[in-house]
Amino acid sequence: MHGESEVVSHVIFGMDPFWVSCILFIVTYVVIITEKINRAIVAGIGAGLMISVGVLNQQQAIAGVDFNTLGLLTGMMVIVAITRRCGVFQFVAIWSAKKVDAKPWGILLMLSLVTAVFSAILDNVTTVLLIAPVTLLITEELKVNPYPYLFAEIFASNIGGTATLIGDPPNIMIGSAVGLSFNDFLYNLAPITPLIMLVTLIIIYFIWGKGLEATDDARQRIMNFREREAITDVLLLKQSMAVLSLVVIGFIFAHPLKLEPATIAMLGAGLLLLLSNLGRDAEQQTDDVHHTFGEVEWVTIFFFVGLFIVVSGIEHAGLLKMLADWVVGMTGGDITVTAIAIIWVSAIASALVDNIPFVATMIPMIESMAPTFGGTENLMPLWWSLALGACLGGNGSLIGASANLIVAGFAERAGHRIQFLPFMAMAFPLMLVSICIATLYVYLRYL
Amino acid sequence: MTAKNIMSFRLIKLSPADRVCDALKIMHTHQIRNLPVVDDDGQFIGLFGIRRMITLLLPKAAQINFGLKELNFMPDEVEVLYERLGKIGNKPVTEFLEKKKHLLFCKPSTSFPEVLELLEQNPGSSLPVIVVKGKKKKLVGMVSAWDILDKLVMNIFSGESSEFQGATGKKQSITENCKVIKNKSIPDNSGLD
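Note that the protein sequences, when read in sequence, are chains A and B. Residue numbering for the first sequence follows our numbering, starting at 0 and increasing by one per position. Residue numbering for the second sequence follows our numbering, starting at 37 and increasing by one per position.
By construction, these hints were calculated from the structure, which means they are not laboratory data. Backbone N, C-alpha and C define an ideal beta-carbon position, used for all residues, glycine too. Incorrect hints may appear among the rest.
As the list claims (entries may be wrong) - Computed, partial: chain B to chain A, Cβ under 10 Å: (1) 72; (2) 74; (3) 92; (4) 95; (5) 97; (6) 99; (7) 101; (8) 102; (9) 103; (10) 106; (11) 107; (12) 108; (13) 109; (14) 111; (15) 113.
As the list claims (entries may be wrong) - Sample of chain A residues with no beta-carbon within 10 Å of chain B, all distances over it, derived: (16) 80; (17) 265; (18) 291.
Pulled out of the complex, with its shape left as it was, chain A reads as follows (with noise of 0.2 Å):
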């Protein structure tokens, strides 16, 4: 990788780079995990600092930025942004409640389904944002206890993520990074969050599902609810379905055209817009574009801009081919070891702090370890290791994952708050539970 010899000596005060960027790297991280500043501006000013003192030259900064990952994520933002307003969300969560008479094990059953295979496709926060309001009206109605339900959504939302590609930030990252496919991720990586779900809503089950009870009242005014009517613009949702699904199939043959997942996102993005602004006069379409673009998560895609930069900045000084090879001697090279280490060590840190700096840091650090295990094509169970232990780790506490935090706000904002270590109490070992299961399968797949 990038050594010392590298890097452009104009680092301030004669300071050697290496000892700058590992002390930048440090307290960006430390204050971004504080969570008392807003974690874009934290790694804007870490990687603006990082190129200031000159670990990084300009070149070198914009080169570390995988602008395939901020494409991919813009692209799918703008396109949810739109698809939300035609109310199918609503449609599906309130269809697939009536499909099993409004029972109330049978509802979360569904809705953490609906959560999974939504955060698959979608991204979590954007999934959990749709469906938590859904699940707090039809809790209402049924008048039972939110917190199963909820509890169960961020669950699902994690796993459900796991599975694809584009389900959750740590995939695409990997996924951009190592130049992995969205059908290597179907191929890898889904075919265990079926039975890792299972699992989980069978605990969840004999925690609370046996206890869930709805009189017949409320669960007549749930089959009452006229989903047709949710949904708002007809056109509309034959559009986005339209240009989901085009985006999906695009997915699928991105990588025999050579074409990655962001310029299909981006794509969709754009035909999206210009479909659903047909025959809008020039004020119209500015007004809409100007507020589905307001809706683009802008504190996300700076943040990856900026950690991009920072993580950059300890590859160049060479921090992270140290950590690498610190990592490497641990497991004494022997990959079953490392990869292991990886899933656990990066489900617990994944619970503990965001998963999106850590994956960054480990990317690079991995890519690195490729001499001692003999070329990159034999790092292949370390990546689904890290895919498995980033996101399914989200769910070890609250603060594990964004969506966890959102589907926390709602509840706290309709008076059922879920406090931090309650939840932990039950979620961090059922979290376990799940990385159990994700070793096994890694290690009689790949090792």
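Mind docking chain B on chain A? Use the hints.
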């Protein structure tokens, strides 16, 4: 002219222990949209507004930020509303005050343009600007869009009874009859503590 001149100061006030149903009755009887809540020392605690009543009739999932925006799939049932009202009617108004960040405050000495600007910022102008005094925020009055219309705008326009007619009659623009009387004195709330 300052906030002191234009504000309403004979306010019907609620105490923190008053119940929601009492507040709603007062609103109905006196046709007031917003009632201030003050403690025993006259210190301002919050505002209970009619807008909140509408919110409270909604399911929780629709009340909250980023909650459900479309409810057209819900059946047309009134009983649920009775249930919700029944639940909140006996609770103290302090549980349902307007969010602090929505409230706008000024001092009795705040200049008139500033008061207008505060009212204009206000979403839908449905909330009044609250006039408070001193560090302890003692409530002295409130300025709503109605106060501006009542004490200022109607005073400036001449009192000529305009023959403004509806859709059936001869259309006559009301502005034709309106003459602005300059230097008209504004009723002064001076003498007020």
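Cross-check of the supplied hints:
| no. | hint | result |
| --- | --- | --- |
| 1 | 72 | violated, 25 Å |
| 2 | 74 | violated, 26 Å |
| 3 | 92 | violated, 12 Å |
| 4 | 95 | holds, 5 Å |
| 5 | 97 | holds, 4 Å |
| 6 | 99 | holds, 8 Å |
| 7 | 101 | holds, 6 Å |
| 8 | 102 | holds, 7 Å |
| 9 | 103 | holds, 5 Å |
| 10 | 106 | holds, 6 Å |
| 11 | 107 | holds, 8 Å |
| 12 | 108 | holds, 5 Å |
| 13 | 109 | holds, 4 Å |
| 14 | 111 | holds, 4 Å |
| 15 | 113 | holds, 7 Å |
| 16 | 80 | holds, 13 Å |
| 17 | 265 | holds, 26 Å |
| 18 | 291 | holds, 16 Å |
Hint violations for this structure: numbers 1, 2, 3, all remaining hints satisfied.
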